[in-house]
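Engineer: What follows is the residue order along each chain.
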Amino acid sequence: MLEVSGLRKAFPDGSRKLAVLDDVSFTLAAGDFAALYGKRRSGKSTLLRIVAGLDVPDRGSVRIDGNELTSLPADQRARFLRDRVAMTCFFFGGPDRNRLVREHVAMAQRVDGRTTGRRASRQAREVLRDVGVQECYEAPLRRLSLGERIRVELARALIRRPRLLLVDDPPPLHSPSEGNDLYELLLSLGSNAERTVLLASSDFDLAQRAPRLLRLSAGDLRAMDREATVVPFPMPKTGTDQA
Amino acid sequence: MDWMRSPSVWKGPVLAILVDGPGHPYDVSTRVWQRLGPGWRQPAKDIYRVLKEAESLGLASSTEQPSTTRGSKPLRVYAATDKTPAAVEFWMGQPLPPEPDVRSSLTARMILSREQHIPLMHRALDEQEQLLVDCSREHDKPFPTDTYSGLEKELARKAVVLQMTAWMDWVEFARATLEDFETKRRA
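Protein chains in written order, with the working numbering: chain A, 1 to 243; chain B, 1 to 187.
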């Protein structure tokens with residue numbers, strides 16, 4: 001579904017150029033769920049932005065469903081990406097703080113110019129329910145907790161039913177139980193065989209739970225596949241330690 | 001409580017496990033590992049020594065019970081006494097050892113290596129990184145923290161994951177430092 005090949009991207013760093021992606025290649029099949037782990041500023045967002053067509057590589061190619069992005073004319077590429085790819089980022093300080101959740105989510109569907117407002121609102125309600133924040137439908141964005149805001153952004157990405165979902169480093173939540181619920185939601189996004197998910201994360205505990213794990217470090221991408229033998233821990237309790 | 005003051009890391013956990021329920025040395029050793037996780041595997045004979053010492057001080061008692069396996073020797077089963085919970089409480093409040101355990105065979109090799117060992121060090125770093133990822137991914141499922149039993153499992157799991165992540169960061173730093181050194185040498 002996604003083929004990334006020989007990707008290179010460098011940014012100026014004083015008088016030299018710093019390669020944040022250096023000959024990065026990987027493929028994801030339809031229905032794959034992969035986590036891209038790397039520390040902050042390791043190039044995760046750059047990689048996602050290139051895959052989403054928001055940035056161009058210095059070298060290399062990105063193919064989605066067999067179509068090479070750079071070979072498509074700009075308007076065709078924009079349409080192609082809009083119909084297949086959604087990328088969600090978590091920057092929450094923009095001028096949209098007073099916008100209502102339903103407007104914020106529905107807007108992502110209405111950009112195609114074909115969906116009516118009523119239909120987009122109905123779809124927004126459905127997708128907000130899917131991510132567990134249906135009660136926020138009429139709330140302004142500024143009233144939401146961090147956990148709710150993350151879920152709303154995911155809803156905004158999911159409303160167009162993308163075949164490829166790119167999730168860019170969800171911020172950590174303060175409460176461990178709330179964090180675990182969000183982990184579960186993110187992982188459940190990969191249970192759809194039609195949807196491919198690439199989750200960038202600087203939290204290894206989140207990234208390691210994805211079926212496929214890629215590690216980005218100093219421009220180099222490594223596949224860190226799971227070993228076949230897994231020792232469960234803690235082991236099931238024995239009869240003697242139930243007291 | 002002088003016996004509990006010694007730096008052995010096994011006394012407190014062994015007594016706490018006995019307070020949870022009686023067991024023979026192998027069973028106690030297994031339960032210590034089950035509860036505390038990787039790095040806490042200890043041969044039953046070492047645990048047996050702790051149990052014998054605890055018994056001599058009245059912090060544990062033992063009885064001989066027939067083995068469930070035909071033809072095997074009877075098992076010595078240890079149990080907590082009325083003094084054991086207070087000893088566990090004492091252990092919980094003891095100051096921690098002054099030096100945290102940061103030993104690793106990889107860091108020893110790196111520190112004692114010479115320039116000609118750089119290729120071997122790169123290989124060791126790659127190997128170490130994969131081992132750390134594999135170890136951490138054995139503990140990738142969080143436990144619900146709404147019960148104390150779940151909470152203690154989650155704390156043990158998270159301790160493993162965060163330690164593995166910190167070591168992975170060190171591996172990344174060591175690799176980058178070596179590469180930087182090699183680049184400068186070539187220039």
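Do not take every clue at face value.
[Said to hold, decoys possible] The calculated BS3-like cross-link candidates involving lysine-lysine, where the alpha carbons are at most 25 Å apart (straight line), are:
id, chain 1, residue 1, chain 2, residue 2
1, B, Lys52, B, Lys83
2, A, Lys39, A, Lys17
3, A, Lys39, B, Lys73
4, B, Lys158, B, Lys184
5, B, Lys158, B, Lys141
6, B, Lys184, B, Lys141
7, B, Lys141, A, Lys39
8, B, Lys83, B, Lys45
9, B, Lys52, A, Lys17
[Said to hold, decoys possible] Pairwise CB distance ranges (calculated):
id, chain 1, residue 1, chain 2, residue 2, range
10, A, Arg59, B, Leu131, 29 to 37 Å
11, B, Arg186, A, Ser177, 47 to 55 Å
12, A, Pro176, B, Leu120, 36 to 44 Å
13, A, Ser191, B, Val19, 54 to 62 Å
14, B, Pro98, A, Thr27, 45 to 53 Å
Source of the hints: derived by calculation from the structure; they are not laboratory data. A virtual CB, placed ideally from N, CA and C, is assigned to each residue, including glycine.
Engineer: It remains to establish, for every hint, whether it holds in the given structure.
Structural biologist: Here's how the hints hold up against the structure:
no., hint, result
1, B/Lys52 to B/Lys83, "holds, 15 Å"
2, A/Lys39 to A/Lys17, "holds, 20 Å"
3, A/Lys39 to B/Lys73, "violated, 55 Å"
4, B/Lys158 to B/Lys184, "violated, 39 Å"
5, B/Lys158 to B/Lys141, "holds, 10 Å"
6, B/Lys184 to B/Lys141, "violated, 43 Å"
7, B/Lys141 to A/Lys39, "holds, 21 Å"
8, B/Lys83 to B/Lys45, "holds, 24 Å"
9, B/Lys52 to A/Lys17, "violated, 66 Å"
10, A/Arg59 to B/Leu131: 29 to 37 Å, "holds, 33 Å"
11, B/Arg186 to A/Ser177: 47 to 55 Å, "holds, 51 Å"
12, A/Pro176 to B/Leu120: 36 to 44 Å, "holds, 40 Å"
13, A/Ser191 to B/Val19: 54 to 62 Å, "violated, 42 Å"
14, B/Pro98 to A/Thr27: 45 to 53 Å, "holds, 51 Å"
The earlier numbered hints that this structure contradicts are 3, 4, 6, 9 and 13.
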